[in-house]
Amino acid sequence: MRINIALARRMGLLKYHDITCRRSIGLLLLMTALAAGADLGSQIDRILRAYPHADLSIHILRASDGQTIYAHQATRPMIPASNMKLVTCAAALRYLGPDFVYTTRVYLCDQDLVIVGSGDPLLGDRQTDRRYGRPPEWIPADIANRLAAMGVASIRDIVLDTTIFDDQRVHPAWPADQLNRWYASEVCGINYNCNCIALTVTSQQGSVRVMMDPPNSYIRLINRVEAVRRGPTGVAAYRQPDAPNTIILKGTCRDQEGPFDIAIERPAMLFGWLIANAMAKAGIRINGQLLEKAAMPRGQMTLVCQYQTQLKDCLMRANKDSLGLAAEALLKTMAARSRPDRPGSWAGGQAVLTNYLASLGIEPEQFRIDDGSGLSRNNRLSACCLTRVLYDMYKDQAWDLFKGSLAIAGVDGTLQRYFPDARFSGRVLGKTGYLSQVRALSGLCTSDGGDIIFSILANEDKADARQVINEVVKAILEQKD
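Take 44 as the starting number for the sequence shown in the working numbering and just add one per residue.
In case anyone wonders, no lab produced these hints; they're calculated from the structure. Idealized CB from N, CA, C, for every residue including glycine. One thing to keep in mind: the hints can contain errors.
[To be verified] Using C-beta positions, here's what the derived DEER-type ranges look like:
1. R385 with R263: 33 to 43 Å
2. D464 with A192: 35 to 45 Å
3. A192 with A390: 15 to 25 Å
4. V271 with E406: 49 to 59 Å
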């Protein structure tokens with residue numbers, strides 16, 4: 044006897060059968076997911092047994108529903124290193140919005156040229172300028188050309204208003220012996236060229252020459268590099284403690300060393316110097332001084348030009364390239380916008396990030412916020428905290444923007460050299476983290492079983508933490524439906 048299924052369903056004869064099937068299918072899917080999680084868990088447990096001295100916090104969840112697949116000390120707060128940038132960037136998307144832009148404005152006021160900073164971390168950033176086809180040092184030249192086109196023959200002072208942020212340009216917890224490194228550059232209301240200069244040392248016929256980019260006389264160089272014909276070479280750059288923006292170079296050079304980036308002091312003043320130099324080349328006289336202070340209009344403010352940076356570019360430089368300045372500027376920007384009556388500060392940014400994590404239901408015992416980039420060793424985040432942040436972004440309408448800011452394994456950013464095997468390349472999106480005795484990797488894996496969010500933090504590294512992290516991630520990638 045043949046049954047017309049459609050007719051029987053309309054008559055209600057198969058209602059019980061349909062309910063039973065749906066329940067069975069749901070149960071089967073649940074059991075399959077649990078089995079997959081159990082299989083992954085047993086693989087990771089085997090990996091951890093092979094590295095008994097590894098001190099790790101691990102949390103792995105399904106991106107589709109946020110369900111935990113694996114946890115190992117998942118709520119234990121750890122030093123996150125640069126994984127801190129994930130929290131800062133996620134909060135920036137939440138509180139500043141995906142359409143946020145930094146705007147640096149240039150005015151003529153009476154006889155002064157006034158530059159009002161917005162805290163833009165990418166003003167004059169070479170990498171961003173290359174992406175948009177802009178030449179190096181185009182902004183100072185553009186300002187000078189616009190003034191000349193307006194018929195300006197001279198000005199009195201160049202005023203650099205950096206008061207959008209407070210004047211604490213260096214975080215007190217950053218290592219004092221690393222403040223000349225690019226990743227520890229000052230954070231200012233007017234930033235330029237990532238607040239660094241690039242130095243290249245060359246040796247020809249026994250003579251050592253140092254080239255500075257951008258060329259300027261604001262920075263003083265003391266060259267103590269020796270030319271050699273053989274043997275090991277290397278150059279180190281140091282700040283002279285009692286002389287601001289005086290850099291001493293020591294070492295040996297056979298052909299060329301560098302270029303390498305050195306963080307400078309009071310970067311807004313370098314920007315002002317470059318503008319003054321461009322104006323002089325354009326035939327515009329400067330009769331007064333170069334001043335970093337709050338703009339105090341003495342007359343009508345005439346807008347000369349303005350320069351904008353989109354939030355997406357800041358997120359990309361912070362996450363994909365691990366540019367600390369981008370994360371710290373975002374932190375202080377959120378602070379300034381949350382309290383317009385106060386300049387942006389680290390304390391204000393700490394409060395914003397704390398509120399953001401609390402809004403996700405993360406217990407305060409799982410985190411401690413000290414800076415925005417993760418350079419401070421006083422930061423603490425649990426792996427569970429980071430996966431909650433990533434899951435929050437994954438569900439957000441701005442996920443594509445956030446996703447685009449992450450490094451891609453085997454392709455670009457800080458993950459370019461990770462997972463080069465063709466089976467894994469391009470299937471991990473994430474953020475690396477590195478400090479002495481700290482390794483971290485958090486992000487998203489695309490596996491046959493669907494998207495997987497993960498965070499792996501290693502502190503007090505007594506084993507090959509990077510190897511452990513790589514093996515755990517490969518285990519995730521090899522998951523099947």
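Right, here's what the structure says about each hint:
The supplied range of 33 to 43 Å is met by R385 and R263, whose beta-carbon atoms lie about 35 Å from each other. Checked against the hint of 35 to 45 Å, the pair D464 and A192 fails, with Cβ atoms roughly 55 Å apart. The hinted range of 15 to 25 Å is not satisfied by A192 and A390, whose Cβ atoms lie roughly 43 Å apart. The hinted window of 49 to 59 Å between V271 and E406 holds, with their beta carbons roughly 58 Å apart.
Violation of the numbered hints given earlier is confined to hints 2 and 3; the remaining hints are satisfied by the structure.
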